[in-house]
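A.B. asks: Given chain A, put chain B in place with the hints provided.
Protein sequences appear in the order of chains A and B.
When we follow the numbering used here, the leftmost residue of the first sequence carries the number 8, and every step to the right adds one.
When we follow the numbering used here, the leftmost residue of the second sequence carries the number 12, and every step to the right adds one.
Hints may contain errors.
Selected chain B positions facing chain A (in silico; Cβ < 8 Å) [said to hold, decoys possible]:
#1 P26
#2 W27
#3 E37
#4 G40
#5 T42
#6 G51
#7 A58
#8 V61
#9 F66
#10 A69
#11 I76
#12 L160
#13 G177
Treat the hints as calculated values from the structure; they're not laboratory data.
Just so you know, these numbers come straight off a predicted model, no measurement behind them.
Glycine is no exception: its CB is placed at the ideal position from the N, C-alpha and C atoms.
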Amino acid sequence: MSDEYEHKLEAKSDYATEASSVSTPDIDAVPDAELPDQELYHSHSWWTTYVFSQDAKYIGIQYALTAVGTGLLGLVLSWLMRIQLAFPGLGWLDPAAYYQFVTMHGMIMVVYLLTALFLGGFGNLLIPLMCGARDMAFPYVNMLSYWAFVVAVLVLLASFFVPGGPTGAGWTLYPPQAITAGTPGYNGGIILMLISLILFVAGFTMGGLNYIITVLQLRARGMTLMRLPLTIWGIFTATVLAMFAFPALLVGCLMMTLDSLLGTSFFMPAMVSLGEKLTHEGGSPILFQHLFWFFGHPEVYIVALPAFGIVSDLLSVHSRKTIFGYRMMVWAIVGIGALSFFVWAHHMYVSGMNPWFGFFFATTTLIIAVPTAIKVYNWILTLWRGNIQLSLPMLFSLGFIVTFLNGGLTGLFLGNVTVDVPLSDTYFVVAHFHMVMGIAPILVIFGAIYHWYPLITGRFMNETLGKIHFWITFIGSYAIYFPMHYQGFVGVPRRYFEIYDSPYIDTSTLLLNKFITIAVLIVGAAQLLFLYNLITSARLGKKAEKNPWKANSLEWQTPQMPPEHGNWGKELPKVYRWPYDFSVPGAKEDYIPQNQPPSEIIGAKVEKT
Amino acid sequence: MSKKKSIFQLLTEKPWEKDQIEADNEHQGQTLNLSKQKLGLRTIMAASTVLFSLFIVAYSDRMLISDWKNMPEPWLLWLNTVILVISSLVFHMTTKYAEKDDFYKTKNGLYFVGFLAYSFLIGQLIVWYQLMNTGYYATTNVANAFFYLFTTIHGLHIVGGIYFWGKTTSKFIKRSLKKEEINNLIDTCAVYWHFLLAVWIVLFGLMLSS
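Chain A with its partners taken away, still in its complex shape (with noise of 0.2 Å):
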């Protein structure tokens, strides 16, 4: 040991009088670990192996899956809500169940698909992966925070079960109307999906603070935070916004449920409800709608931050080019994050708000634009005279760009008091936050899914399914969401479970809300092509060599593709450079890896970007 800090010392001083001469070894030295490896729990079962499991990578998965499976009930919830809208009158859908499924396919999507596989299924995956890390901070409570989400899915599924149905109150749940007599699901739904709701907060809680400390605190030596790949960057603030948002859910939630069990009158008026006085009195409705939106304006970005960062990974590494300015995509994602703080109430334009208040909003709704608009060209200029890979992540990055800027660009009208107030509650609404929100992340969430899926099993997914996957999701999302920005300039109110032919409804909505349907169908049924294609090529699949797409982030560098339990084997990775060096000149690959030594790429000069 104290051999070994002689000759560290000596090799330090070298280099720091021949600093010019790069061809001696040392230049590959860094100093000896001060902090202790960390402690792994080794499972010895199956059950603690793949059920119970400790290990981040394994939890990853279950956190996906768990997250998948939810998000395909989703989808059939949306097929049934289309084919009613599509068909009135055929009597498909009672209205109970329309406002049923409108509720649950929101709720599902936003928290249980997207939050729960950027964060718990992305986060857990790759974070110690690409930190250098053996494990999360702490291992066991990272595996509470998935059991909390798995029955936090079960209590969400089980108000299909109770009485009444689940609740019909739209995701937003505002009360009164969500706890009252006349809503679906009223007495029993609401009450599970406000559980579930406080359980999965829990739940996250636990992960989140894995999360935060993980990155924060076990990186690998040399592992700088602004050495990180910007998927790290997009995880953590948005883990670090989720950890600010979600009390604010757990408040309103908690105070819902005694409203609603115990007779409380948190946000409940006094009312007459089906002829009778009711016991409430006095509540606030509107203080339900500020909490939820104090939550509800950051989800949005703890979903698309995640989203951001992966992309911006994914296009350099499919286009061989160091990422355009780097510096500037982390604070832009650093400013998003406080910003998306100061918004909330421009969801609530229209709930009687003193018109300076509104200005205010409208003011900082539309200054998160500015740093967004960095990201989109710093992305346009990543690609800019690339060697661009046309594989399947680069197919989605792309498809994502352009989705996103168009739901973007919708968001600055709706951003705007006096436009929002006619469009409020139209299907513009409705195609703006689908295109900015859902299908924008899950198009990152797909390309992310064909880009680290080598990882996982060792063998790529179909190209050929891959492809006609992706152009049926591209052009089919625009069939859809196309047209419903249409039908909300027309007039056409979101929340109507029957449109019929009426001198307030032109007859192109009629045809259109058909045509979407014939869409929505078939881009369904374009994701079943999808899970064919993610089961089968776990088997069957080309297999992948070790580091496949030529990347430099940490996570391909492991010992064993895919890796093994405690990540590294016996030494934890030691990282010289970012891992943006694509392309660089004089090296003899076009990528240098985050842990390759110095001494073995002699002659490559980086260039500043």
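C.D. replies: Just chain B now, kept in the frame of chain A:
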């Protein structure tokens, strides 16, 4: 160990420049010089602070509506507050004893802290019982509902604290950890105790002043 840097210094680093590369290669991979338990606790405290702040915002907003009727504060609440203050003080002393490696005083200190924490919870339950006996139910007025809600959420935080206090105490008695490790755990628990005292004083003060 990396030098302490402000977030702005950190975000303006240029990881591709030669000087920065040399400095970065020396980095040990840890951002803050804190144990993961302490940092974990800080994260939890930050999230809890947001949670309680939102409750306070909701309280202040709801208070303005005319049906609000203030609730009397039983004298027992003052006693409970004193118990909580003492338990925080004792925990502070205990960390000092643990630093000095005084096994028996530390052990007694830990036991006493646990006893006080349980007494506080029981005291809160008695306050509930008294209030309900005198007709102050959660449904009677929303001020009462807020009182029950605050005490429950704060009490649950104390229960969580007792869980970790129990784990720490049993590890301490078994002497299964190194001195620095067990002291780190005791310090962490003590910080949480002070935090819960601060939260209680803010909540109690809020209810007294309204």
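A.B. asks: Now tell me if each hint is right for this structure.
C.D. replies: To see whether the hints hold, each was checked on the structure:
1. P26: Interface hint status for P26 (chain B): holds (5 Å vs cutoff 8 Å).
2. W27: Since the shortest Cβ distance to chain A is 6 Å, the answer is holds.
3. E37: Since chain A brings a Cβ to about 6 Å from E37 (chain B), closer than 8 Å, the hint holds.
4. G40: holds (4 Å)
5. T42: holds (4 Å)
6. G51: holds (6 Å)
7. A58: With Cβ-Cβ at 5 Å, under 8 Å, it holds.
8. V61: Status holds, d = 5 Å.
9. F66: holds (6 Å)
10. A69: Nearest chain A Cβ about 6 Å off; hint holds.
11. I76: Since the shortest Cβ distance to chain A is 5 Å, the answer is holds.
12. L160: Constraint on L160 (chain B) satisfied, holds at 7 Å.
13. G177: violated (16 Å)
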